[in-house]
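So the sequence lines, in the order shown, correspond to chains A and B.
End of the first sequence sits at 89 in our numbering; the numbers just go up one at a time, nothing left out.
End of the second sequence sits at 198 in our numbering; the numbers just go up one at a time, nothing left out.
Simulated from the structure, these hints should not be mistaken for lab results.
Ideal Cβ placement from N, Cα and C applies to all residues, glycine included.
Keep in mind that a hint or two might mislead.
As the list claims (entries may be wrong) - SDA-like cross-link-like pairs, simulated, lysine to any residue; straight-line CA separation at most 20 angstroms:
hint, chain 1, residue 1, chain 2, residue 2
1, B, LYS125, A, ALA23
2, B, LYS90, A, ARG60
3, B, LYS90, A, ALA62
4, A, LYS11, A, ALA51
What the hints assert, rightly or not - Chain A regions said to be covered by chain B (calculated; three or more residues, Cβ under 8 angstroms):
hint, region
5, 21-35
6, 39-52
7, 56-68
8, 73-85
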Amino acid sequence: MFALGDRVRTKVMNPPGHTRLPAYLRGRPGRVVWELGTLPFSDARAAGDRAAAQRAYTVRFATADIWGADGDPHGSVCADLFESYLEPG
Amino acid sequence: MSHSHVHETSAGASNRVKTLVAGLEAAGVLTEADLDAVVETFLNHAQPAKGARVIARAWVDGAFRTRLLADGTAALEELGIDLSHWAPVKLRVVANEPRRHNLIVCTLCSCYPLALLGPSPTWYKSSAYRSRAVRDPRSVLAEFGTTLAADVEITVWDSTAEVRYLVLPLRPAGTEHATESELEAMVTRNGMIGTATV
């Protein structure tokens with residue numbers, strides 16, 4: 001479980017089925033900016049578990065941590081990510 | 001993107017929908033009239049005017065604005081708007097500030113606050129917008145005619161789960177004496193997505 005303000009890092013993963021962790025946000029450091037509670041866990045639902053649910057968080061990533069020096073210097077991207085995508089950063 | 005959707009041509013999708021509807025009708029699950037009623041209800045209720053009502057209220061009522069930013073879903077209920085009618089989603093409203101701009105995208109598919117803005121524009125679903133909004137938002141905004149100062153921070157919200165985002169634009173200057181309904185008329189769909197400033 002993570003809390004507001006926690007540093008996290010998205011896992012490097014490439015599952016064969018559905019996932020809501022976008023490829024451009026894998027293996028990136030970020031910070032929890034919102035706790036979303038428990039949401040329907042899309043990855044498992046897509047595989048047939050219709051009741052699957054998991055905690056989720058809004059995570060903010062600095063542009064430089066996604067695109068390096070090629071990113072906009074005054075920008076960030078926030079995404080809503082399930083707990084199993086994240087590890088302590 | 002690793003999304004597992006197969007993106008079909010519209011003709012292909014249209015044929016599949018026709019086949020599906022014919023199958024459901026043959027099985028006695030629904031009639032074409034049932035479907036028409038659902039679509040009509042949807043189009044009557046889901047329009048950008050609904051989002052504009054939320055924005056104008058937030059501009060004139062500071063306490064409502066605070067509640068809207070803290071819990072969008074609950075604040076909408078005050079206005080009699082039930083988001084979950086279409087899907088069990090939460091609403092997050094993100095406010096523009098003089099030095100901070102917000103932009104909404106769904107890089108994985110086309111998640112969008114349908115209940116507040118109606119059906120999404122074609123460009124919102126295009127792979128060009130979905131890939132470039134997170135990679136180079138400032139250029140995307142400029143192509144929409146919205147040029148931000150170089151030091152204005154941009155936050156891009158990628159709608160990857162069951163949260164739908166709505167941008168609260170800055171209230172236009174010189175509108176101190178405008179009525180709430182006059183303000184509603186100034187709000188644009190693109191302003192609530194973040195590709196425009198109002």
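Here's how the hints hold up against the structure:
Simply put, LYS125(B) and ALA23(A) have alpha-carbon atoms about 18 angstroms apart, close enough for the 20 angstroms limit, and the pair holds. With a C-alpha separation of about 18 angstroms, the suggested pairing of LYS90(B) with ARG60(A) holds against the 20 angstroms cut-off. With a CA separation close to 24 angstroms, the supplied pair LYS90(B) and ALA62(A) exceeds the 20 angstroms bound. Taking the CA atoms of LYS11(A) and ALA51(A), the gap is near 24 angstroms; set against the 20 angstroms cutoff, the hint is violated.
Counting residues of the region 21-35 of chain A whose CB lies closer than 8 angstroms to any CB of chain B gives 6, so the stated coverage by that chain holds, three being the minimum. Under the rule that three or more residues need a Cβ within less than 8 angstroms of chain B, the assignment of the region 39-52 of chain A holds, with 4 such residues. Coverage of the region 56-68 of chain A by chain B holds. Counting CB-CB distances below 8 angstroms, 5 residues qualify, and the rule asks for three or more. Using a Cβ-Cβ cut-off of 8 angstroms, 9 residues of the region 73-85 of chain A lie near chain B, which meets the minimum of three, so the contact claim holds.
Of the numbered hints stated above, those contradicted by the structure are hints 3 and 4, listed in ascending order.
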